[in-house]
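Q: We have chain G; now place chain P onto it with these hints.
From first to last, the protein sequence lines are chains G and P. Sequential numbering from 343 applies to the first sequence in our numbering. Sequential numbering from 343 applies to the second sequence in our numbering.
Since the hints were derived computationally from the structure, they do not count as laboratory data. Honestly, I wouldn't trust all of these hints.
Copies of the same chain are indistinguishable here, so a pair counts whether it falls within one copy or spans any two.
Said to hold, decoys possible - Quick list of in silico lysine-lysine cross-link-like pairs, BS3-like style, CA-CA up to 27 Å:
hint, residue 1, residue 2
1, 454, 465
2, 500, 381
3, 496, 465
4, 537, 496
5, 500, 537
6, 455, 517
7, 437, 465
8, 434, 465
9, 537, 437
10, 454, 517
11, 537, 454
2 protein chains.
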Amino acid sequence: MKNILKILVLVAFTTTILVLGLSSGAGAQVPSAPVFEGKTTLLRPVGYREWVFVGSSLGLSYSQNLQQAPSQNSAMYHNVYIHPAAYREFAKTGKFPEGTMMAMEMFSADVKKEPGLQGSYEKEFMGLEVSVKDRSRFEGAGWAYFNFTEGMGKLKAKTEPFPQSAGCVACHSQKAETDHVFTQFYPVLRAAAPK
Amino acid sequence: MKNILKILVLVAFTTTILVLGLSSGAGAQVPSAPVFEGKTTLLRPVGYREWVFVGSSLGLSYSQNLQQAPSQNSAMYHNVYIHPAAYREFAKTGKFPEGTMMAMEMFSADVKKEPGLQGSYEKEFMGLEVSVKDRSRFEGAGWAYFNFTEGMGKLKAKTEPFPQSAGCVACHSQKAETDHVFTQFYPVLRAAAPK
Numbered sequence: 343m344k345n346i347l348k349i350l351v352l353v354a355f356t357t358t359i360l361v362l363g364l365s366s367g368a369g370a371q372v373p374s375a376p377v378f379e380g381k382t383t384l385l386r387p388v389g390y391r392e393w394v395f396v397g398s399s400l401g402l403s404y405s406q407n408l409q410q411a412p413s414q415n416s417a418m419y420h421n422v423y424i425h426p427a428a429y430r431e432f433a434k435t436g437k438f439p440e441g442t443m444m445a446m447e448m449f450s451a452d453v454k455k456e457p458g459l460q461g462s463y464e465k466e467f468m469g470l471e472v473s474v475k476d477r478s479r480f481e482g483a484g485w486a487y488f489n490f491t492e493g494m495g496k497l498k499a500k501t502e503p504f505p506q507s508a509g510c511v512a513c514h515s516q517k518a519e520t521d522h523v524f525t526q527f528y529p530v531l532r533a534a535a536p537k
Numbered sequence: 343m344k345n346i347l348k349i350l351v352l353v354a355f356t357t358t359i360l361v362l363g364l365s366s367g368a369g370a371q372v373p374s375a376p377v378f379e380g381k382t383t384l385l386r387p388v389g390y391r392e393w394v395f396v397g398s399s400l401g402l403s404y405s406q407n408l409q410q411a412p413s414q415n416s417a418m419y420h421n422v423y424i425h426p427a428a429y430r431e432f433a434k435t436g437k438f439p440e441g442t443m444m445a446m447e448m449f450s451a452d453v454k455k456e457p458g459l460q461g462s463y464e465k466e467f468m469g470l471e472v473s474v475k476d477r478s479r480f481e482g483a484g485w486a487y488f489n490f491t492e493g494m495g496k497l498k499a500k501t502e503p504f505p506q507s508a509g510c511v512a513c514h515s516q517k518a519e520t521d522h523v524f525t526q527f528y529p530v531l532r533a534a535a536p537k
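Just chain G, with the same shape it has in the complex (with noise of 0.2 Å):
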């Protein structure tokens, strides 16, 4: 009898445990952190469409060729994500910690032929871009940016990152408020970080 109630507490504590170790964190709803093939190849993120979303813009892009651009960005949303345990930290901390990832999809824009309807909403799926911090696998400011578009709506599976030497690179370092993220154009931040 002794043995047997031995047992049951050991089960029971063992699951106990094992089910703690499962809800803590973000990684019980959502797939978590970044998942590398190598030292620098990303496998793409799942599951990121439930991450908390951070702001979304149109058109929006920092471009030398002004000429070009508004042409190829003007219809594009951008809806940019950050996973939830990275969120949670910078809502601490004011600080994104290493791991971080962020998740940014490209829709097109269009306006529906409706009497009475106006405006612009977001239509196709185009594309998913990501960033990740991780000072161990990635030179100078740790942040690496990947693309994982392959075509209009197609997406790899996984992808090496942007060479540091990159616009997006050095953009992202100039231009970015805090820490190589645009915070400026991301009101759920703002709103998050420590006052």
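A: Same frame as chain G, now just chain P:
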């Protein structure tokens, strides 16, 4: 000794059950379902910025008065969220369950005056509207619409729904594609619906 073991077993199992209860469903991370005072007064939902974002639009509105509308609406972004429990049910069945709650945040649109920057982004928080499906509380189709906006960016703690004779009720009933929800403007819901 036997008694101590029995108590330990009880404690361990109780903990397991409690933790399992807390970690199941959306309740673990996101405060759940609508909270009413009396039959129809809705308390402002908390934590809706961690719900599932479904789409953004800029200046989108149905308006009888095309002359007036653009000046009022062209500068407003609408960010729309759905409660995670309703999102998961919709992804499974294509239907919005009783208790579905959606939140629409409004932001002013602004273009930052910087060299090389074009397009618009979400600047100031302007207001919050919420919809709830609950046939036990609301007549007709069972949906009700709540405006929590008290002034520019200021919110009420609780509010009554618009009357069933209001324009929003009729418009959602006539123009929205899926059970009074404008899924035609929400790419995340269009993608999540069962095929």
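Q: Hint by hint, say whether it matches the structure.
A: Quick rundown of the hints versus the structure:
1. 454 - 465: Classified as both; 10 Å inside a copy, 25 Å across copies.
2. 500 - 381: For residue 500 and residue 381, the Cα distance is within 27 Å only inside one copy (13 Å; across copies 51 Å).
3. 496 - 465: Close inside one copy (15 Å), not across copies (31 Å); limit 27 Å.
4. 537 - 496: between (40 Å within a copy, 18 Å between copies)
5. 500 - 537: Only across copies: residue 500 and residue 537 sit 26 Å apart there, 38 Å inside one copy, limit 27 Å.
6. 455 - 517: between (37 Å within a copy, 13 Å between copies)
7. 437 - 465: This pair counts as between: shortest inter-copy Cα distance 21 Å, intra-copy 34 Å.
8. 434 - 465: For residue 434 and residue 465, the Cα distance is within 27 Å only across copies (22 Å; inside one copy 35 Å).
9. 537 - 437: Close inside one copy (13 Å), not across copies (41 Å); limit 27 Å.
10. 454 - 517: Cα proximity of residue 454 and residue 517: across copies only (12 Å, versus 34 Å in one copy).
11. 537 - 454: Between copies, since 23 Å is at most 27 Å while 41 Å is not.
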